[in-house]
Amino acid sequence: MTEQENGRITLSIRNLRKIFRGKQHQVQALDDVSLDIREGELFTLLGPSGCGKTTTLRCIAGFEKPSSGRIDFLGRDFTSIPPFRRNIGMVFQSYALFPHMSIFENVAYGLRIRKLSRREIEDRVNRIIQLVGLEATQKRKPSELSGGQQQRIALARALVYDPQLLLLDEPLSNLDAKLRVYMREEIRRIQQQAKVTTIYVTHDQEEALSISDRIAVMHAGKVSQIGSPDEIYENPISIRVADFIGQANFLACTVRGDGNPLLSFRSNETITITNSSGNIQSYQDREGILFVRPEQMEISGDPNHPNSLRGEVKVILYLGSVVRYYIEIFQNHEPQEILVDQDRRVRGVETGDPVAVLVHGQEAKLFPTEQKRQLEKV
Amino acid sequence: MAREFRQRLKAFEFTPYLVLGLALIILVVFIAYPLSKVVFNSFIAKGDAPGLRNLTLANFSQFSTSTLYRSAFLNTLTVGLSCVLFSCLLGIPMAYFVAKTQTPLKTFFLTLGTLPLILPPFVGAYSWILLFGRQGVVNYFLETAFNYKLPDIYGAPGVIIAITMSTYPFIFLLTYGALISADPYIEESAEIMGASRWRVIRTVTLPLVIPAIVAGALIVFMRSVGNFGVPAILGGNFYVLPTLIHFQVTGFFNLNAAGAIAMVNVVLVAFAILLSQYVTSKRSYVTITSTTQAARISPSKFLKWVGTIFCLGVIFFSLLPHLTVIITSFTEGWAGTRYPNKFSLQNYRRIFEIALVPIRNSLFLATTATVVASVIGTLLSYINVRRNLRARWILDLTVMLPFILPGIVVGVAILIGFSSGLLILSGTWMILVVGFFIRRMPYIFRSTTASLSQIDVAVEEASSITGASWLTTFRKITLPLMAPGILAGAVISFSTLMGELSTTVILYSARWKTISVAIVEYLFSATIGPAYALGTILIVLVLSAIFLANRILGRRMSQMFKMV
Numbered sequence: 244m245t246e247q248e249n250g251r252i253t254l255s256i257r258n259l260r261k262i263f264r265g266k267q268h269q270v271q272a273l274d275d276v277s278l279d280i281r282e283g284e285l286f287t288l289l290g291p292s293g294c295g296k297t298t299t300l301r302c303i304a305g306f307e308k309p310s311s312g313r314i315d316f317l318g319r320d321f322t323s324i325p326p327f328r329r330n331i332g333m334v335f336q337s338y339a340l341f342p343h344m345s346i347f348e349n350v351a352y353g354l355r356i357r358k359l360s361r362r363e364i365e366d367r368v369n370r371i372i373q374l375v376g377l378e379a380t381q382k383r384k385p386s387e388l389s390g391g392q393q394q395r396i397a398l399a400r401a402l403v404y405d406p407q408l409l410l411l412d413e414p415l416s417n418l419d420a421k422l423r424v425y426m427r428e429e430i431r432r433i434q435q436q437a438k439v440t441t442i443y444v445t446h447d448q449e450e451a452l453s454i455s456d457r458i459a460v461m462h463a464g465k466v467s468q469i470g471s472p473d474e475i476y477e478n479p480i481s482i483r484v485a486d487f488i489g490q491a492n493f494l495a496c497t498v499r500g501d502g503n504p505l506l507s508f509r510s511n512e513t514i515t516i517t518n519s520s521g522n523i524q525s526y527q528d529r530e531g532i533l534f535v536r537p538e539q540m541e542i543s544g545d546p547n548h549p550n551s552l553r554g555e556v557k558v559i560l561y562l563g564s565v566v567r568y569y570i571e572i573f574q575n576h577e578p579q580e581i582l583v584d585q586d587r588r589v590r591g592v593e594t595g596d597p598v599a600v601l602v603h604g605q606e607a608k609l610f611p612t613e614q615k616r617q618l619e620k621v
Numbered sequence: 374m375a376r377e378f379r380q381r382l383k384a385f386e387f388t389p390y391l392v393l394g395l396a397l398i399i400l401v402v403f404i405a406y407p408l409s410k411v412v413f414n415s416f417i418a419k420g421d422a423p424g425l426r427n428l429t430l431a432n433f434s435q436f437s438t439s440t441l442y443r444s445a446f447l448n449t450l451t452v453g454l455s456c457v458l459f460s461c462l463l464g465i466p467m468a469y470f471v472a473k474t475q476t477p478l479k480t481f482f483l484t485l486g487t488l489p490l491i492l493p494p495f496v497g498a499y500s501w502i503l504l505f506g507r508q509g510v511v512n513y514f515l516e517t518a519f520n521y522k523l524p525d526i527y528g529a530p531g532v533i534i535a536i537t538m539s540t541y542p543f544i545f546l547l548t549y550g551a552l553i554s555a556d557p558y559i560e561e562s563a564e565i566m567g568a569s570r571w572r573v574i575r576t577v578t579l580p581l582v583i584p585a586i587v588a589g590a591l592i593v594f595m596r597s598v599g600n601f602g603v604p605a606i607l608g609g610n611f612y613v614l615p616t617l618i619h620f621q622v623t624g625f626f627n628l629n630a631a632g633a634i635a636m637v638n639v640v641l642v643a644f645a646i647l648l649s650q651y652v653t654s655k656r657s658y659v660t661i662t663s664t665t666q667a668a669r670i671s672p673s674k675f676l677k678w679v680g681t682i683f684c685l686g687v688i689f690f691s692l693l694p695h696l697t698v699i700i701t702s703f704t705e706g707w708a709g710t711r712y713p714n715k716f717s718l719q720n721y722r723r724i725f726e727i728a729l730v731p732i733r734n735s736l737f738l739a740t741t742a743t744v745v746a747s748v749i750g751t752l753l754s755y756i757n758v759r760r761n762l763r764a765r766w767i768l769d770l771t772v773m774l775p776f777i778l779p780g781i782v783v784g785v786a787i788l789i790g791f792s793s794g795l796l797i798l799s800g801t802w803m804i805l806v807v808g809f810f811i812r813r814m815p816y817i818f819r820s821t822t823a824s825l826s827q828i829d830v831a832v833e834e835a836s837s838i839t840g841a842s843w844l845t846t847f848r849k850i851t852l853p854l855m856a857p858g859i860l861a862g863a864v865i866s867f868s869t870l871m872g873e874l875s876t877t878v879i880l881y882s883a884r885w886k887t888i889s890v891a892i893v894e895y896l897f898s899a900t901i902g903p904a905y906a907l908g909t910i911l912i913v914l915v916l917s918a919i920f921l922a923n924r925i926l927g928r929r930m931s932q933m934f935k936m937v
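Order-wise, the sequence lines are chains A and Y. Counting from 1 along the first sequence, just add 243 to a position and that's the residue number in our numbering. Counting from 1 along the second sequence, just add 373 to a position and that's the residue number in our numbering.
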């Protein structure tokens with residue numbers, strides 16, 4: 244992570260716009276997208292479907308022509324270069340293996356176009372197939388391989404000619420859950436070994452957090468936030484990002500007093516927060532929305548526990564590594580459900596019991612009240 | 374500035390525009406131009422210079438003044454409607470029996486039920502006279518046994534029977550396709566609600582396949598009002614529009630009048646298309662979903678046997694003329710005698726003396742036209758599917774027009790288009806190739822469009838991002854993946870061109886007679902033996918082409934006709 248922080252910028256995207264014109268209406272797929280991709284990093288475009296992440300990737304590949312804006316690769320203007328002269332490797336969501344060619348021919352395709360000698364083609368195909376961990380499949384046709392194997396071949400085909408840039412378009416979405424986790428580690432390993440600058444598109448936030456050096460969260464054709472996985476998770480820039488990444492609770496409150504500020508909720512309950520926490524100082528005597536992750540709270544069986552919110556346990560879900568409590572609290576007589584994750588079951592607390600929810604003040608963060616509508620849209 | 378321009382020029386890929394542009398130019402020159410010229414010329418009197426000042430309706434006035442014209446128009450309408458009716462009566466029950474009952478021999482019925490589409494109907498037409506004519510075998514038996522004689526087969530009855538027997542497969546195959554792909558759960562849910570079996574058929578099964586039946590009926594109508602060969606052989610004084618057109622062209626070389634009749638013929642077809650669209654759009658149909666669940670089969674033993682007998686009967690009756698052709702070709706004479714007598718190869722010996730040239734011509738013309746149609750049709754379907762053209766429907770319509778239009782109308786259009794003006798082709802083999810290729814290109818276009826839309830665009834994008842130019846991608850990825858579609862279209866094109874008559878009859882010249890023209894000439898001069906020997910050779914050539922293609926493609930014949 245740190246070594247890339249100062250890495251050279253290889254791909255620079257400036258003010259990219261893309262408008263698709265349909266018969267009746269037009270859709271603005273990209274609205275002023277600017278990104279800088281550093282050499283050797285794995286950069287992820289993350290967002291819900293329709294956010295523009297795939298369009299951005301297809302503009303970089305050259306399959307879509309941006310309506311305006313610039314894409315520069317190592318100082319060269321990319322926009323006027325056709326896809327086949329860009330020297331990019333790409334893995335498609337459907338893998339897009341050539342169904343009429345053997346695995347060997349699929350991987351060798353890019354090398355044959357580059358007119359390498361037969362020996363060299365064989366050498367490099369063998370080496371890359373070894374790198375992706377597949378052997379003895381070379382003579383088979385793509386249809387005879389499993390999804391995971393096809394995925395590896397697609398990766399091998401994209402990497403074999405040493406592209407300057409690797410693009411991955413939702414590469415894991417067609418695999419089952421367990422294989423998906425395994426393959427994302429594999430992709431990370433292969434990417435590190437090949438030392439290739441990589442842009443990865445996904446809608447799966449967990450995948451993005453685990454694999455990326457940096458992430459750009461996108462929404463409605465715009466980039467909402469760019470940062471490392473921990474920055475994005477711990478310090479989201481808006482309610483929208485906070486809500487999209489991981490699980491989140493949002494509670495309306497007012498900040499009172501200075502020194503040690505007091506969060507006062509509509510239920511007339513108050514929580515005292517240490518001075519140094521988050522951005523709470525700047526909300527003094529104003530309303531805000533408290534953002535707190537489920538694992539940043541604690542449940543106490545004693546409903547009168549000080550410095551906490553009172554509520555009632557509605558559902559207890561055992562999720563393996565954590566136990567998730569759905570707790571109903573009252574905000575101005577309106578019930579609101581919040582999520583609290585605990586490492587293990589809290590002794591003596593069952594469904595229907597009154598409980599107190601403690602907020603770990605150090606991690607609390609406030610958002611302006613106006614952002615609340617971002618939540619309702621989702 | 375200039376440098377940037379040069380850079381942009383270098384980045385621009387010319388090849389696709391060059392190749393695809395060429396295909397579009399061919400489309401304009403060989404389809405759009407002659408078709409618009411025939412429309413224009415039909416409003417010009419014969420001998421007048423084509424110009425806006427000479428526009429007249431004189432060519433059309435014949436339809437109100439001449440009884441020949443009027444009866445030809447009414448006859449055409451009668452033939453078209455009767456053929457639709459009888460094709461439905463044969464095709465729908467047959468489709469139901471094969472798709473929904475325990476009738477055995479399903480593959481057999483499907484394969485033989487496709488044959489009439491490929492075998493040229495005019496070849497067998499004369500057999501109806503041999504079998505059911507005044508001197509025919511059947512009449513002989515009826516007369517000796519019951520003292521009864523069938524009504525005369527010449528004229529309307531013969532024409533309608535012969536055409537129906539070659540068009541019912543459209544209804545049969547399309548209805549069958551809809552029946553087996555309909556969601557069986559829909560029927561089951563009707564049944565669970567308490568509907569009887571007959572009620573399910575009436576209220577659920579049949580209404581769901583109505584779009585398929587309408588589509589089939591439309592093709593049957595187009596085929597029967599455009600058929601030239603059958604009324605030419607069986608019609609006698611029973612004129613229909615195609616024979617009237619032929620009469621105007623060969624009798625008076627009045628291309629303008631022929632063009633006007635052709636226009637009327639086209640209006641009939643256009644009216645049928647509009648009607649069929651009106652019928653299907655009036656009802657809303659859920660798209661038939663493709664579940665993995667197979668169609669539900671009726672367990673009734675009664676339906677099983679009724680179905681078997683019905684299907685066998687239809688198949689036998691529809692292939693009877695062609696069987697007669699084959700059997701008769703090995704005899705020294707049947708026409709005029711009660712039974713075929715003395716089997717020999719005499720007819721074939723004679724054919725190899727006199728008819729080698731037509732066979733060679735047909736092979737050459739059909740092959741050339743198929744190759745041209747395959748190349749252009751493939752490129753055009755590529756434009757249609759892969760390039761985001763605004764005016765895609767214009768492309769689609771232009772390519773498909775010659776499929777919709779009666780063959781003789783296409784023939785007239787090509788003759789008018791290329792017998793004067795910049796490009797004069799009349800009298801050469803090239804004019805036949807032009808007529809052939811534009812009439813068969815729709816088959817290639819449809820089947821390649823189908824196979825191309827099944828290829829994931831990402832596969833081509835993967836090739837291009839790997840470094841392949843447009844041409845390399847097209848050659849190494851797109852073409853190989855389209856190959857089955859091209860081959861399927863090409864085989865149907867080739868095998869139906871071998872016996873093509875209605876376009877040929879307008880465009881052929883003394884040096885470029887085809888098998889079909891030779892057969893008709895022999896039939897007209899009552900040399901049945903050689904005609905049938907040549908007919909048999911034609912049938913064998915057509916069937917072996919289809920058989921070979923089935924082997925290569927590994928699919929059933931009925932599946933190859935999916936796109937029509």
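Hints may contain errors.
[Unchecked claim] Straight line, CA to CA, 35 Å or less: simulated DSBU-like cross-link-like pairs of lysine-lysine:
no.	chain 1	residue 1	chain 2	residue 2
1	A	K308	Y	K674
2	A	K557	A	K438
3	A	K384	Y	K715
4	Y	K715	Y	K410
5	A	K421	A	K465
6	A	K465	A	K308
7	Y	K849	A	K382
8	Y	K479	A	K384
9	A	K438	A	K421
10	Y	K479	Y	K674
11	A	K358	A	K438
12	A	K384	A	K358
13	Y	K849	A	K266
14	A	K266	A	K308
15	A	K358	Y	K849
16	Y	K522	Y	K715
17	A	K438	Y	K479
18	A	K308	A	K358
19	A	K266	Y	K410
20	A	K421	A	K266
21	A	K358	A	K382
22	A	K421	A	K384
23	A	K465	A	K384
24	A	K382	A	K438
Calculated directly from the structure, the hints in this document are not laboratory data. Computed from a predicted model, the values in this text were never measured in an experiment.
Hint-by-hint comparison with the structure:
Between K308 of chain A and K674 of chain Y, the direct Cα distance comes to roughly 64 Å. Violation of the 35 Å bound is thereby established for this hinted pair. Simply put, K557 of chain A and K438 of chain A have alpha-carbon atoms about 49 Å apart, too far for the 35 Å limit, and the pair is violated. Between K384 of chain A and K715 of chain Y the alpha-carbon distance is near 58 Å, which puts this suggested pair outside the 35 Å criterion. Simply put, K715 of chain Y and K410 of chain Y have alpha-carbon atoms about 53 Å apart, too far for the 35 Å limit, and the pair is violated.
A hinted pair counts as satisfied when its Cα atoms are at most 35 Å apart, and K421 of chain A with K465 of chain A qualifies at roughly 32 Å. As the CA atoms of K465 of chain A and K308 of chain A are separated by approximately 17 Å, the hinted pair is consistent with the 35 Å bound. Between K849 of chain Y and K382 of chain A, the direct Cα distance comes to roughly 18 Å. Compliance with the 35 Å bound is thereby established for this hinted pair. The straight-line distance between the Cα atoms of K479 of chain Y and K384 of chain A is roughly 34 Å, inside the 35 Å bound, and the hint therefore holds.
Note on K438 of chain A and K421 of chain A: the hinted pairing holds, with a Cα-Cα distance of about 26 Å set against a maximum of 35 Å. For the given pair, K479 of chain Y sits about 16 Å from K674 of chain Y by alpha-carbon distance, which is consistent with the 35 Å threshold. Taking the CA atoms of K358 of chain A and K438 of chain A, the gap is about 24 Å. The hint holds against a cut of 35 Å. Taking the CA atoms of K384 of chain A and K358 of chain A, the gap is about 23 Å. The hint holds against a cut of 35 Å.
The hinted pair formed by K849 of chain Y and K266 of chain A meets the criterion: a straight-line CA distance of about 34 Å does not exceed 35 Å. A C-alpha spacing of about 19 Å is found between K266 of chain A and K308 of chain A, which places the hinted pair at or below 35 Å, so the restraint holds. For the hint pairing K358 of chain A with K849 of chain Y, the CA-to-CA distance comes to about 15 Å; that is within 35 Å, so the pair holds. Between the alpha carbons of K522 of chain Y and K715 of chain Y the distance comes to roughly 27 Å, so the proposed pair stays at or under 35 Å and holds.
A threshold of 35 Å between alpha carbons decides the hint, and for K438 of chain A with K479 of chain Y the separation of about 60 Å lies outside it, so the pair is violated. Only pairs whose Cα atoms come within 35 Å are accepted, and K308 of chain A paired with K358 of chain A is accepted, the gap being roughly 29 Å. Restraint check: the Cα-Cα separation between K266 of chain A and K410 of chain Y comes to about 33 Å, which is no more than 35 Å; the hinted pair holds. The straight-line distance between the Cα atoms of K421 of chain A and K266 of chain A is roughly 42 Å, outside the 35 Å bound, and the hint therefore fails.
Between K358 of chain A and K382 of chain A the alpha-carbon distance is near 21 Å, which keeps this suggested pair within the 35 Å criterion. The hinted pair formed by K421 of chain A and K384 of chain A meets the criterion: a straight-line CA distance of about 25 Å does not exceed 35 Å. Restraint check for K465 of chain A and K384 of chain A: the C-alpha separation of about 41 Å exceeds 35 Å, so the hint is violated. For a cut-off of 35 Å, the pair hint linking K382 of chain A to K438 of chain A stands: about 28 Å separates their Cα positions.
Comparing the model with each numbered hint stated earlier shows that hints 1, 2, 3, 4, 17, 20, 23 do not hold.
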